[in-house]
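Peer 1: Construct all of the structure, not just a fragment, from the sequences and the given hints.
Number of protein chains: 6
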Amino acid sequence: MLSFISRSTLTKYRGLSLPSRFVIRAMSSSSSSPTSPYTTLAVSRPAESITHVELNRPEKRNAMNRAFWSEMVECFNEIAADPDSRVVVVSGAGKIFTAGIDLMDIAGDVLQTDGDDTARTSWNIRNTIVKYQETFSVIEKCPKPVIVAIHGACVGGGVDLVTACDIRLCTQDAWFQVKEVDIGLAADVGTLQRLPKVIGSRSLVNELALTARKMYADEAKSSGLVSRVFADKDAMMAGALEMAGEIAARSPVAIQGTKVNLVYSRDHSVAEGLNYMATWNMSMLQTHDVMKSAQAAMEKKSPKSVTFSKL
Amino acid sequence: MLSFISRSTLTKYRGLSLPSRFVIRAMSSSSSSPTSPYTTLAVSRPAESITHVELNRPEKRNAMNRAFWSEMVECFNEIAADPDSRVVVVSGAGKIFTAGIDLMDIAGDVLQTDGDDTARTSWNIRNTIVKYQETFSVIEKCPKPVIVAIHGACVGGGVDLVTACDIRLCTQDAWFQVKEVDIGLAADVGTLQRLPKVIGSRSLVNELALTARKMYADEAKSSGLVSRVFADKDAMMAGALEMAGEIAARSPVAIQGTKVNLVYSRDHSVAEGLNYMATWNMSMLQTHDVMKSAQAAMEKKSPKSVTFSKL
Amino acid sequence: MLSFISRSTLTKYRGLSLPSRFVIRAMSSSSSSPTSPYTTLAVSRPAESITHVELNRPEKRNAMNRAFWSEMVECFNEIAADPDSRVVVVSGAGKIFTAGIDLMDIAGDVLQTDGDDTARTSWNIRNTIVKYQETFSVIEKCPKPVIVAIHGACVGGGVDLVTACDIRLCTQDAWFQVKEVDIGLAADVGTLQRLPKVIGSRSLVNELALTARKMYADEAKSSGLVSRVFADKDAMMAGALEMAGEIAARSPVAIQGTKVNLVYSRDHSVAEGLNYMATWNMSMLQTHDVMKSAQAAMEKKSPKSVTFSKL
Amino acid sequence: MLSFISRSTLTKYRGLSLPSRFVIRAMSSSSSSPTSPYTTLAVSRPAESITHVELNRPEKRNAMNRAFWSEMVECFNEIAADPDSRVVVVSGAGKIFTAGIDLMDIAGDVLQTDGDDTARTSWNIRNTIVKYQETFSVIEKCPKPVIVAIHGACVGGGVDLVTACDIRLCTQDAWFQVKEVDIGLAADVGTLQRLPKVIGSRSLVNELALTARKMYADEAKSSGLVSRVFADKDAMMAGALEMAGEIAARSPVAIQGTKVNLVYSRDHSVAEGLNYMATWNMSMLQTHDVMKSAQAAMEKKSPKSVTFSKL
Amino acid sequence: MLSFISRSTLTKYRGLSLPSRFVIRAMSSSSSSPTSPYTTLAVSRPAESITHVELNRPEKRNAMNRAFWSEMVECFNEIAADPDSRVVVVSGAGKIFTAGIDLMDIAGDVLQTDGDDTARTSWNIRNTIVKYQETFSVIEKCPKPVIVAIHGACVGGGVDLVTACDIRLCTQDAWFQVKEVDIGLAADVGTLQRLPKVIGSRSLVNELALTARKMYADEAKSSGLVSRVFADKDAMMAGALEMAGEIAARSPVAIQGTKVNLVYSRDHSVAEGLNYMATWNMSMLQTHDVMKSAQAAMEKKSPKSVTFSKL
Amino acid sequence: MLSFISRSTLTKYRGLSLPSRFVIRAMSSSSSSPTSPYTTLAVSRPAESITHVELNRPEKRNAMNRAFWSEMVECFNEIAADPDSRVVVVSGAGKIFTAGIDLMDIAGDVLQTDGDDTARTSWNIRNTIVKYQETFSVIEKCPKPVIVAIHGACVGGGVDLVTACDIRLCTQDAWFQVKEVDIGLAADVGTLQRLPKVIGSRSLVNELALTARKMYADEAKSSGLVSRVFADKDAMMAGALEMAGEIAARSPVAIQGTKVNLVYSRDHSVAEGLNYMATWNMSMLQTHDVMKSAQAAMEKKSPKSVTFSKL
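Chains as they are written, first to last, in UniProt numbering: chain B, 1 to 311; chain P, 1 to 311; chain G, 1 to 311; chain E, 1 to 311; chain Z, 1 to 311; chain X, 1 to 311.
In short, the hints are calculated from the structure, not lab data. Watch out, some of these pointers could steer you wrong.
[To be verified] In silico PhoX-like links for lysine-lysine, alpha-carbon gap of 20 angstroms or less: (1) K141/E <-> K131/P; (2) K141/P <-> K141/E; (3) K60/E <-> K300/X; (4) K214/B <-> K304/G; (5) K141/P <-> K131/E; (6) K141/P <-> K131/P; (7) K95/P <-> K214/P; (8) K304/Z <-> K214/X; (9) K300/B <-> K60/P; (10) K301/B <-> K214/P; (11) K131/B <-> K141/B.
[To be verified] Derived list of chain P stretches under chain G, where covered just means 3 residues or more per stretch with a C-beta under 8 angstroms from a C-beta of chain G: (12) 160 to 171; (13) 275 to 283.
[To be verified] Only some residues are given here: those of chain Z computed to face chain G with a beta carbon under 7 angstroms: (14) T279; (15) W280; (16) M282; (17) S283.
Just so you know, even glycine gets a beta-carbon here, dropped at the ideal spot from N, CA and C.
Peer 2: So this is what it looks like as structure tokens:
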């Protein structure tokens, strides 16, 4: 949950040489700067219906400072309500995905919380933790699928963030570290809750969380943390955009209903999930999208050739 | 959930050349035809205590039509009550496992459901979804273990079906596709509820369900969807029968108690599961099977050499 | 759940030739014998804050006899309360990890339970099962992380035991067997409840529990049952101790809070887990360990260089 | 759960002198005899959209025999599917509501269940209990509200039945008895599960279930088991019909949605219930019934003056 | 959920003759008007640490219009964060507590929701319902106890509101009506979820929700919906303020911890509740308030004589 | 949770003039003194199969001191395992039932808990709370029904205790007080978890817990906290013994199965409870007690005339 910014590595920072004009424009954080209301996030629209959210403090290794925690909430609430956005890609600007929490900036919020006695201090700390938890829970509550593309380091709070996303991709040089025990605390903004539901090996989850050891791309893939590994960031961003395109082209009624019910299923028994699903689809099946899709299928057209109304 | 029957591929259909007389008889759907009450399923007894349920509309790529939905319920209720059946093998006749829902046949049931207003239409649709969900839930409620053997395509409703089975095997040429978003709907008869509890990688589950991409045998194995991959259908059917034989030869009190409690555990906390287990076994340990098995063990005999009463 | 002690193999038993003096001393069960209150366990302190619990009936292949069931509870309750113990390593003395339940010794407890009628017998059996379940649940309730190091066979009750531990390591020659159906019973002291939450492939879990087939080290690794495989027992014990050292050196407030919340998360929804976590950390963040750790980080020191108060 | 038919009281049996022709016809079990497919139930339609289900073995004090258990399921499944039925009234023919399970008739099913060993006997008994539980659960699963009108004795299985109904009315001479402990068994078809969720005093629930003492109408009212007490059976039946009329006259979309969600809420947290409710009503609010009702309200007409489509 | 404003009764509206200057000032909605940011609520501070929230559209019988739904959220979020507020009293200005939802004003939001097809309309309706549910859930999420004082009618949405409060008081002339079925819909903003957990008689809950009949003060008291009935509004407001004073004078650490855990307990098993409670109090017991209170007790002083720090 | 022992009232203490020799012997705490291993409890056997547990520090108003917390656990564990005990009566010696926690004695345990920092202090406090919670949870875990008979004051920890019992009786002069907020803390050993599940009025529960007001016998009865009120302690003890006699005379298989399942039902959905019940009774119905009871019924004998084997 903490950011150890090796200053020396920062001096090595340089712009990424992206593979194509398209991607450069799409992914460039500058493209959204003129209007972006955020100081830690760059939000852009690389292609129709796709929103790109970039962690955008590369000079600080995308460490999560105070502004970040509220900007994420604002940003995802906006995306949730925006009918022109059907899928989200999250990535990090600069050399690494994120160094995690910006300890210097955040310390006052959490570690120097005060109160007239221990109980009152605890009360205040709890409010802060709950607020910070919400920062990643908004990703899950947003009905649009969120693909996260990770390169380089993904440390502490970064793991909390990526485990709240729907699909995880990474580069061959990516590594993950549940760093919190190194700072004397149990991770409290999502990793301990979501990581075990995101990968299948309980032994591995426990090892990562208790020893703070790094996990590299290969193990991330074989353990199921990520579903694809790419050679480098450019390839990954292209892959992420392509996958986002696949999703964005399909019926938003189908896609968002799928995400909502997948999240629901995680936290419920199969019988509960089926009951909710039936109640959900009793209205959602009454969409024109089914007929449009069926017709396309009859005509041997790709589902992506169909135009669906916004949702 | 939908079947796209490429007519051209159907012309290529031909009988399977099975490796041995035994398997031919056992697996042949014709063996049960004379008495089979089903139009979409062929039910046979390839070996003692083993029931083979074959999806049997090969000319329609085993697409799930209206009859299928009720025949499955009838069939598995019968198996559940039949003391001569201790384990079930499910497979598909013909070229592929199943193309999923037979859209043409099923459309009237779901998509053309009507009512005097939207609420009433919704009500009717809900009843249909619930009925269809039951088609696969019966597999899970049946206390006898169900091994499913998948070759070729397993599309849409096929994934709903196989995730409700206990053990999944496939051929090297098998592929799986959560097809529903291509037809404009969120899968609603089990995939979104069971797939995440059946394989360990959440990222992969989400990717499959949101992009409708195909997953081939190797990834099915590495992700844990199937526990074994066989070179071809013949090898797989032989392997499935052998595994079924292992199960059928053991104490049905032990086997069925194991299935019931494994299903229970999936949907409960460890403490709840342990409590239920203790209450279950307080009577089940009072079976003669334990003594019979223990004696066989003392005498260095295989557990399979023991004859157990029916259950 | 049962131990089949092949007498012939026992004659081949011999002392392990351990690779280094350090490990020999650390792991030797004799080091604790003088004071050990247990007949089935050897408890030692191989390094600061690390407790080593060794299944110690090598001549009986560490089969679990009556004494074992209560000694485990006593032992782990003691560890839970001992501030000098921060992490536990469990392993088996002799040729194999454990042959499971000692059927001869235990039979009277479970299988010859009596009562005036079936109901009363059931009642008594249930009490015994509940007591036996507690034997492994204490591992989970103990807030200190438990690493289990498995070599050779891990059969029946052994699987119940290791699935209750936090981190699983094994040797290349290790194998696992959910043996219970071979003895005519459904496993009732933990395997059916914990194994499915410990590895990601449901199909594999079911296959193992229903067929009682052996699973070898490679599959244990690829399925996620263990997170590391070592060439032999010596290497594994050294690896286990090293990992234990990593954990023992970190803040016990962080480590134990992490275990408690990981166990909690397994059995709760993400939202429930986050709520509990916030309530937990509102006091736990008020530890000096955070400041000590942060300062070490600033000074580029390892977290392990910090001295933390006991917990 | 058992019926003790005092033969002497049976000799005192006589026809009820009902207060009005209307009620006589409506409630008379003979009115439905010609076509009734049931031997233990008399089903009639006393008024539009109202189904009256009468326990109809008055000469056996409406004791629940084998036929009863399956007829109830059949009967309520039919009602659930019948758009002409919007509300159900359940009552008992003859002198009392019901003497509970007909021990003589039922004994073979439950108490003489057999099997090759205790485990197999247990398995068979469990199947019977589950089947019997379903007899009352169908009342709860039926989306139409069920009003039960109780006069005289309501013993054993009668309490299981009435606690599964939605609204309970009784006569001044009614009494209730959780009789099962008197026969040496814990009630197993619903009372122990539903009674505590039906009345507010846990101490009273426990006292009733553990001592088998009778509870009379006044205590039934003050404890909340029934919501109204009537002077005699005629008054009660008239009251039940009037209440049923109130319900039948309202929008079936509103009424059945209300029942479904009330049952759901009982077994879920408030947050879960609200989530389900929102998903339910997103389609159900799109009914014409809302506009029809609103217009009636504007015009100061009773909601009962509106004609709603069937559901 | 709907407001039927009988215009004729409105003409009879007149000011309340309050019993004392104190109460007049305290309760007067005008006292807060100058600064109140709300159009539907009057917020005042009748005594130290007590916040009075008054439904303040008396000329519309406090019907809940669009502004109301968001103002409630804003208002309770503010109260939750205000250390000067320790307890809340909610009441209604004018002749009655509330006539429920203002159908005219709200219709556009819910009933005229539109979308390109039924699925999209449903989606939009669902968002609105969820938003409206939050209006009352904020009362429950606010850690300060909320006493609601009800006089005259409490209809439809009014019942949703009062069941989300902690303590309910009413006047002798108060009546309650779960009105929603009269308008053709199942109540969807809380009544069906909370009413059954607020009063003990399930039969009564169902009767009220399914028949829309009025329940008067006496039955509200005997059923436990309210815990006290007062002769008139003045007496009730005095009583509410007195009770609020009792609460406000006690340790806010104790009071707010009590509310948080009471709400938690409602939705969890006893074991879960105890676990959460222990984790909560491990920090909260470290308050100075305990020592201050204990000392007061030794000195035979009232707990109310102690001054506690804000929370 | 705290005991305020008014010394003056203690001077008024005098022996109870009991109504009959029988009761005197039965209830006298001296009868068990010679052998009683407890300093705070007097345990006796007033009649066959009935255990009487008396809070026995009358000179301290039965305030709960350190010894009490562990003696309760020991005592109820013993009762749970004692086949000669089938039902328990709990009451208080001397003038009142209990003044609650003995603040003076207990302070060191909870309030002066220490640790090297706040986190460690919290950890220690948590362990103490969990230990204290167990003191009352043992009552619930004991499968024998527990009747509590309350006279005079029942304050703080007393309410925690009585809400964990199965049946509550009180005298006309009894009163109850959830005292904890007066001492600056939220009740943490059971009241906030169990009281809302024990009485039906949520408003009343909240009022009691938030204001610490006294509730007298009449309200305790009308709210359902107690199921019977007696004129004085003698009458109550006679009534409690009589009720205990009713329970003790019935089949212990039936009685204990009923308690176990009633407790289970409280914390589970109806469907979960029914499933558990069926699994429980599949063995428990195979008791001789059913046949014995049925035969007695045929012969018109009281169930109490039957002799049942111990359990």
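Peer 1: Decide, hint by hint, whether the structure agrees.
Peer 2: Okay, the hints, checked on the actual structure:
Taking the CA atoms of K141/E and K131/P, the gap is about 14 angstroms. The hint holds against a cut of 20 angstroms. In summary, the hint linking K141/P to K141/E is supported, as the alpha carbons are separated by about 19 angstroms, within the 20 angstroms threshold. Restraint check for K60/E and K300/X: satisfied, since their Cα atoms lie roughly 18 angstroms apart, inside the 20 angstroms limit. With a C-alpha separation of about 16 angstroms, the suggested pair K214/B and K304/G falls inside the 20 angstroms cut-off, and the hint holds.
Taken as a hint, the K141/P and K131/E pair is honoured in the structure, with Cα atoms around 14 angstroms apart against an allowance of 20 angstroms. The hinted pair formed by K141/P and K131/P meets the criterion: a straight-line CA distance of about 15 angstroms does not exceed 20 angstroms. Between the alpha carbons of K95/P and K214/P the distance comes to roughly 17 angstroms, so the proposed pair stays at or under 20 angstroms and holds. Only pairs whose Cα atoms come within 20 angstroms are accepted, and K304/Z paired with K214/X is accepted, the gap being roughly 16 angstroms.
Proximity of K300/B to K60/P is assessed by CA-CA distance (about 18 angstroms); at most 20 angstroms being required, the pair is judged to hold. Annotation: proposed proximity of K301/B to K214/P holds, straight-line Cα distance about 17 angstroms (limit 20 angstroms). Taking the CA atoms of K131/B and K141/B, the gap is about 15 angstroms. The hint holds against a cut of 20 angstroms. For a cut-off of 8 angstroms, the count of residues in the stretch 160 to 171 of chain P with a CB near a CB of chain G stands at 3, and the three-residue condition holds.
Taking a C-beta to C-beta cut-off of 8 angstroms, the stretch 275 to 283 of chain P contributes 7 residues in contact with chain G, enough for the three needed, and the coverage statement holds. With its C-beta approaching chain G no nearer than about 5 angstroms, T279/Z sits inside the 7 angstroms limit, and its interface hint holds. Taking 7 angstroms as the C-beta contact cut-off toward chain G, the hint placing W280/Z at the interface holds, the least distance being around 6 angstroms. At its closest, the beta carbon of M282/Z sits 6 angstroms from a beta carbon of chain G; the interface hint therefore holds under the 7 angstroms criterion.
Hint on S283/Z holds. Least Cβ distance to chain G is approximately 3 angstroms, under the 7 angstroms limit.
Checked against the numbered hints above, the structure breaks none of them.
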